[in-house]
Amino acid sequence: MSNEHAASSDAKKNLFRKVWDAHSVRELPSGQTQLFIGTHLIHEVTSPQAFAMIRELGVPVRFPNRTFATVDHIIPTDDQSRPFSDDLAEAMMSEIERNCREHGIQFFSPDSGTQGIVHVIGPELGLTQPGMTIACGDSHTATHGAFGAIAFGIGTSQVRDLLATQTMAMAPLKVRRVEVTGELKPGVFAKDVILAIIRELGVNGGVGYAYEYAGEVFDRMTMEERMTVCNMAIEGGARCGYVNPDRTTIEYLRGRRFSPPPEEFDAKAAEWLALASDEGCHYDDVVTIDGGAIEPSVTWGIHPGHNLGVSEAIPGPNEVEDEERAGVEEALEYMDFAAGASISGIPIDVAFIGSCTNGRISDLREAAKVARTGRVKEGVRALVVPGSRAVQKQAEEEGLPEIFTAAGFQWREPGCSMCLAMNPDKLQGREVCASSSNRNFKGRQGSPSGRTLLMSPAMVAAAAIAGEVVDVRNVEIEDGARKTNAEREAR
Amino acid sequence: MSNDTLIKIERVEGRGCVVRGDDVDTDRIIPARFMKEVTFDTMGEHAFEDARKDAKGEHPLDQERFQGSSILVVGQNFGCGSSREHAPQALMRFGFNAFIGGSFAEIFFGNCTALGLPCVTLPPEDLASVMDSIELDPEQNVEIDVLGSKVRCRAGEFDAGIPAGTRKMLLEGSWDATRVLLDAGDLIEKTAAALPYVELPA
Ligand code: SF4
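Those protein sequence lines, which keep their order, are chains A and B. FYI, in our numbering the residues of the first sequence are 2 to 492. FYI, in our numbering the residues of the second sequence are 217 to 418.
Have a look at the derived ranges for each label pair, beta carbon to beta carbon:
| no. | chain 1 | residue 1 | chain 2 | residue 2 | range |
| --- | --- | --- | --- | --- | --- |
| 1 | B | Arg-227 | A | Val-288 | 38 to 44 Å |
| 2 | A | Phe-266 | B | Asp-399 | 37 to 43 Å |
| 3 | B | Asp-399 | A | Asp-323 | 46 to 52 Å |
| 4 | B | Asp-399 | A | Arg-102 | 26 to 32 Å |
| 5 | A | Asp-323 | B | Lys-272 | 30 to 36 Å |
| 6 | B | Asp-270 | A | Asp-80 | 30 to 36 Å |
| 7 | A | Asp-285 | B | Ala-409 | 29 to 35 Å |
| 8 | B | Lys-272 | A | Asn-66 | 51 to 57 Å |
| 9 | A | Ser-86 | B | Ala-409 | 43 to 49 Å |
| 10 | B | Arg-236 | A | Glu-28 | 38 to 44 Å |
| 11 | B | Ala-409 | A | Glu-320 | 53 to 59 Å |
Partner residues aside, some chain A positions facing chain B, computed with beta carbon under 8 Å:
| no. | residue |
| --- | --- |
| 12 | Ala-23 |
| 13 | His-24 |
| 14 | Arg-27 |
| 15 | Ser-31 |
| 16 | Gln-50 |
| 17 | Glu-96 |
| 18 | Ser-140 |
| 19 | Ser-158 |
| 20 | Gln-167 |
| 21 | Ala-170 |
| 22 | Ala-172 |
| 23 | Glu-272 |
| 24 | Gly-328 |
| 25 | Ala-422 |
| 26 | Phe-442 |
| 27 | Lys-443 |
Just so you know, these hints were derived from the structure itself, not from any lab. Note that beta-carbon positions come from the ideal geometry of N, C-alpha and C, so glycine has one too.
Sequences and hints are given; from them, build the entire structure.
Below you can see the structure in the form of structure tokens.
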């Protein structure tokens, strides 16, 4: 492998290879690479054991200046006063406070004004930059790939390795370029694009790969839209996903807290742009998807690959490939949906707008446009949870909480909330939840028998009002509001 | 670094326990509500908790015949879902030292290796033979021979899939990643110093 490496060092490279090579410390006896991780993000759930382990090993945190902490998973989204009512949540909170203090790690705490879901605050603080390697003990770390960073979700033992050495052992990945061509139809969002990609390539299709998302649809996307897609790379089996840095990336980063200062910014921006995959470089695979054919998508089953366009019918076991049959049968039984039934019209009990997939300001704006058109159906519990303090503040400045609460949605404090229900926000019993999060596994939203339908925030808002799954394209919203964010910015 | 401190895993043996079914995700292995335990200590008690409640004592982990087993035999794509090290931790603390399956989800597989828990794969027919055999005779000894890449039980000897790199790590003891990584010494700082965005800590 090292020979191949040397031979190709002058050749054209994709972004993944460039970043990987710059961060390689050495080849390990195992054949894996010892990879330097420039930015290590930690949160309260996966770090306490890791700190306990390095304490046992007797080593300090190697790069406390490249380690950043926040709280998101366990934090309540209603009453955040201390001590938290849940003892374990309080224990985790105290642990991360103590560990950050002891090791000199910067902590974006709830009272700092910067707290939020780790994958929301990294980008908004400008901590996430092109060409970085980033890791976090959370599977949705690929979100940061939207900036042309290589970002991995890791387990607690790798968190321990990173604390102790700022490096981790990893085998290089293959790179698949996923091109989405053409133009998205109105009412179709980034969430629909990633669901379509997962549906096309399968939940395991990305195993062993990094995904490079490209094509006209990505070129036009805003950073927040790119983040939504990269966020769910893991749901398609890919270890990470990224978009090459371009002008959109640069303009997003200008002036952020951890971005380079104005006098250095343009030089830095030029370096970043040069990190993009070289024209004509090698890919292990290339697939093309027609963006114009993508519909608003909804999951109907128990993994994100179980999704379909809102106008389609739920498949039966006989309509799928042999290897998917058992999964489809299991999903239909768990969800208690009939094969052949239309996905639209399925009644919902709960609506959740938030998470690191779709808890950013642009998501809340899209949802608010729909929320304006009516009131949450009686009997439906609807939650809007901003992804961070900054998102919350921005939304308040734009008057979004008033729109949501007037329509009968609850407006909450930032956190992961009902994405995984490690906090008080949970489904009860067999409830069906229209959710803007990223996982519809059995039990994911806190009730062992709860049911999750993943969709875009606008679709969730529409479902909340209708009390059932509906096509957001049929909701009458104000003129021009259907334009994508990118189109609006371009005008 | 002293090589004596490394633990080499050449083979694992013990009694088997069969949990059938494909795509068993980490939410099922350890429901997310237990992730907020600050330590892994009590994690073993909650392994497969929801599935075991549903099965009302009939889940393989609760069946009398599988008590004391240390090798878990599973289907395809075991451990898919969240990158939750709590899943292998829960299974390890429940008493499992190794896994035989059709295939394993990548992150789960990595998390297991990092704990020194071998995950080996068998082709579908061989896996079915091993599962049937263990269910018929749960008392038998099941052996995972990492050195020889074999699985042995009463049903016979089978070629087991272990990626070469993983096998080497288990055999050398280099699965204990932290010590191996620490061994790079100041090569780490050298790499960091060449990166445009990293300052060396004071
Ligand atoms: S919002 Fe959900 S997926 Fe994202 S970090 Fe929180 S729990 Fe994980």
